[in-house]
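Respectively, the protein sequence lines represent chains A and B.
Using UniProt numbering, the first residue of the first sequence is number 1, and each one after it goes up by one.
Using UniProt numbering, the first residue of the second sequence is number 1, and each one after it goes up by one.
Don't take every hint at face value.
[What the hints assert, rightly or not] Calculated lysine-lysine pairs in the DSS-like style (CA-CA distance at most 30 Å, straight line):
1. B:K294 / A:K141
2. B:K294 / A:K172
3. B:K294 / A:K131
No wet-lab data here; the hints were simulated from the structure.
This is what each chain is made of:
Number of protein chains: 2
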Amino acid sequence: MHTPFPITVRRAAALALALATVPALAAKTKADADAGLPVKPTVADIVKASSPADWRPLDPDNTLYMELPGGRVVIELAPDFAPQNVANIKLLAREHYYDGQSVVRSQDNYVAQWGDADEAHPKPLKTARDKVPGEFTVPIKNVRHFTALPERDGYAPQVGIAHGFPAGRDPKAGRTWLAHCYGMVGVGRDVENDSGNGTSLYAVTGHAPRHLDRNITVVGRVVSGMALLSTLPRGHEAMGFYGANEVHPPITSVRLAADVPEAERSHLEVMRTDTATYQAAVEAQRNRGGPWNKYAAGYVELCNVPLPVREQAK
Amino acid sequence: MHTPFPITVRRAAALALALATVPALAAKTKADADAGLPVKPTVADIVKASSPADWRPLDPDNTLYMELPGGRVVIELAPDFAPQNVANIKLLAREHYYDGQSVVRSQDNYVAQWGDADEAHPKPLKTARDKVPGEFTVPIKNVRHFTALPERDGYAPQVGIAHGFPAGRDPKAGRTWLAHCYGMVGVGRDVENDSGNGTSLYAVTGHAPRHLDRNITVVGRVVSGMALLSTLPRGHEAMGFYGANEVHPPITSVRLAADVPEAERSHLEVMRTDTATYQAAVEAQRNRGGPWNKYAAGYVELCNVPLPVREQAK
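With the hints as extra help, turn the sequences into a complete structure.
Okay, here's the thing in C-alpha cells:
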C-alpha cells in the first residue's frame, strides 16, 4: 500500500500526525495551520473506520507465493486481463519451474526481473507452453468491474481501478489493459508479441514506466513483500543485469496459494474497489487535508491511487 | 538517468536491442515487427550521438557529495528554486553538521530520509539557521530557463524542465516549483511552513508523490548514487522509520563539491535541457520506435522525461 504520510523533521511529529484521529487534529489545526486546508480523514483514517464488507480476501487460485531467502512475495494474479498468460504461469508454478531460478536483473528506478539465468541451457518445460500470445490489451467486457476515475491521464483515454488493479481503457476501441504502476508484474518478451510465456517475469520497482502499457502483458500485482524485490542490489551490467560474478538472488520456490497447506498461507485481504469506502479513500488522496498539507492537488494520478492491503482479522 | 529499455526474456536479446544502432535494427525490423512502428533513435542513441556542447558540468558550488559507507551520492542543488534553503544546507555542509548523522527512515515506494536520529539531544547548529522559510514555490522570473513540455499534467497547469530539473508552473499565478519525481531531494518540515531548515532531508525512492508538490521545499536532485539510497533496507516502524534496534545507515560526511580537492571530485556532466538535442531525447521517450515497442504513447509524463548524466570525458 502506498502510504502518503507527511515528511516531518521529527519522527515524533510524523507519528503524531499519522496516528492522530481527525477530531484530535482539529483542535491543533486551528492554532497551527499556516494555510486554510480543512482537516479531513486520511487514507489511514478511512482504512481504520472501514467495515469487514469493504474488504475481500485474496483468491488462493489466483495468488502466487514467491519464496525468497528473506521472505515471501505475494502476487495477486489478474486472469481477467491475461487469461492465457496467467494460466501458463500457474502451470509453471505447479511444475515447480521457478524453484531454484533467480533474479537476473535489478535496474534502479525500473524493474526487478527473474527467471532462468542460464540462457545456454534453459530449464526444460513440462506442462507449460513455450509461447503464449501477448495479451497487451483485452476486451473491456472481459473485466468484472471498473471504478473509473474522473482524472484525465496522459497515457490512456480513461483510467480507473479494475477489481483492485490500476487499469487504462479505450472505450472507443473497446479495450482495456493493466497499467505499469509500482509493484505491477509483467511477462518479459522478445521482439515478437508471442515470445513471452511467463518463464521471465518482472515487477516495477520505480516510477511507473507507463510507456510500457499496451506493449507487454501485465499479469498481476505484488500485494505484499515488495521490499524484498525493491531493495535488491542493482545489477552492475547494462540494464541492471547481474554479471557472471555477481550474486543472482535465488528464488526458493513459487507456488500457487491453493497448493500451499492452509496453515502456511498468508491471510491477506485487499480493500474492495467498488465501494463508497473505496471512493472515500481515493478522495482522501486526491484532496488531502490539513494541517500538514498546505495545498490540495485536486487530482490523483493513477499510480498514486491507494490500494490498501492488510492481514485478515483472526 | 531513467533508462527505459525493453524487457526481453533473454538478456542477449535485451543487449542486442539496446546496443544495436538504428541502421542495424532497421533490417531486423522488416522481418520481425508485429506492429508498424517505425524504427527510431532511442534516448541512448541520442546520448551517443550528442556533441560536447549538449552537456554542462555540475557547478561545484551547487553540488553536494553525501558519502555513505557504500559510496557517494551526488546531489545537484537548485538555488533558483529554494535560495534560502539551499544556502542553509550549504552552511550545514560547511560546518560538517551531517557528518556522523544517519538515514532515519526508508519507506518502500516513498522516501529515504536522513538527519539526526537523536531527537532528545539534537546536534547543535554553529552557523546555520534554525528555521528557514518554506520555499514551496518561487516566482517564475527567478528561474533561468524552462523548456515547457506540451504534455498536459494533472498536478500542474504547465510542466517542463528547468535547467535540468523537472518543474511545474502556474503562469497565471506567476509561480513555479520543483516536482517530486524519483530522486528529487526535499526538506523535511513539521506543521509550520518555516519549521524545516535542511537538517532533515529526503530523497524520493518510489513512484512520484506529486501531491507533495507545493507543500514542501524541494532543493535538488540526486544525479549519481541513487541506488545507495533506494536499496536501503526499509525501516520496520510506522512510515518506514528505523526502530531503536535497527541499524541506522550512517552518513560519513556531506561536503560541497567546491570544498573537496579537485582530485577527489566526481566529474559528472548533465545533458543541457535547452537544446535541440534534448528535445530529441524527450521525443524519443514520448514516441518510442520499433521493433520491440508495438505501441507509441505519444505522451511523456514529467517524471518519465530523460535527464541524462554521464562521466565527463578526460
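K294 (chain B) and K141 (chain A) were given as a pair; does the straight-line alpha-carbon distance stay at or below 30 Å? Given that 30 Å is the threshold and the Cα spacing comes to 23 Å, the pair holds.
Starting from K294 (chain B), check that the Cα of K172 (chain A) is at most 30 Å away, please.
-> Satisfied, since the Cα-Cα distance of roughly 19 Å is no more than 30 Å.
Tell me if the straight-line CA distance from K294 (chain B) to K131 (chain A) falls inside 30 Å. holds, 18 Å
Hint compliance for this structure: every hint is met.
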